[in-house]
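Turn these sequences into a full structure, and let the hints steer you where they fit.
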Amino acid sequence: MNKKRTMPGIISTAILCFIFWMIITGQIVAVFTGGASLQSIVIGLIVSILVGWFSSLFLINDSPFYLWMPARLVNLIGYIFITLPVAIFKANVDVAKRALSPHPKINPGIVKIPVDVSSDYGMALVADSITLTPGTVTMDIVEENGQTYYYVHWIDVETTDPAEAGEIIKGTFERKVKGIWG
Amino acid sequence: MRIVIDILIFMGVFFAFAGTVGMIRFPDTFNRIHASGMITTMGIIGVIVGGILYCAFYLGDGAMVVKLVIMLVFYLITGPISSHAIMKGSYKHGVKPEKEMVIDQYGEDMVMEEEE
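Chain order of the listed sequences is A and B.
Under the numbering used here, the first sequence has 99 at position 99, and the numbering climbs by one with no breaks.
Under the numbering used here, the second sequence has 250 at position 68, and the numbering climbs by one with no breaks.
The set of hints was computed from the structure by calculation and includes no laboratory data.
Misleading hints may appear alongside valid ones.
To be verified - Not the full set, but computed from the structure, chain B residues with beta-carbon under 7 Å of chain A:
# : residue
1 : A217
2 : T223
3 : M224
4 : M269
5 : K270
6 : Q287
For every residue, glycine included, the Cβ atom is placed at its ideal position computed from N, Cα and C.
Below, the structure is given as structure tokens:
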């Protein structure tokens, strides 16, 4: 862990926390309709700066404005609202069929698949997407000779070849995430 | 709009039901986690999106919509992390799969590391 607290990281984390505070306490509506309480906003500001200093190591640590580019933002929104729900729905129908069929046909195993995404955020996003789709759960991430591997528990092992299994499990996710975090 | 809301909520309840049945019928811990993943994804998405549309179009309650959206976001962030943690923890603890795994590269690699 050789991460350092940077000023832009702290500020952007604090701004994120402050926006959440305003939404959850309902002050963001009160600002426009009048009747916002100054006390509540000042407390929110102080707490957000403290939390930002404390947690910027884990949330935003390098180049906070990385996502602030239209192409990446559009890709991220498309990923969250189109790619992911479609994949989740397909996987759900598949697992539901297995659960409700008279003879549950399952074929479990743990496969090791290579992943080409290199940044921390990208790896976390791909691993989370794999786990979100029922039928596959990421168990561990390791790095061997510069290549990242995931261990994935798969409910129906169709093939034991790493590249082919990787294509079935995370082919679409990986291609989309490369357009966001590379 | 009412029909869309009903379909969404019914879909959520159906997948939650399928997940519960799967949790009972699948043989061991690892496969049961897959069934519970079905409840925390499609069950939650269906019911909460239906609830959002209901609050927005029938109750006109903006604060409730915001709270439901935040609930959905945090559910989808924390759900996979907990299933990952349970899966890895139970594997490392030595829970034996009841149905023989087709392939277990994680176990093979752990054995290799110990020998080295």
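Starting from the hint list further up, note which numbers the structure goes against and sort them upward. No numbers; nothing is violated.
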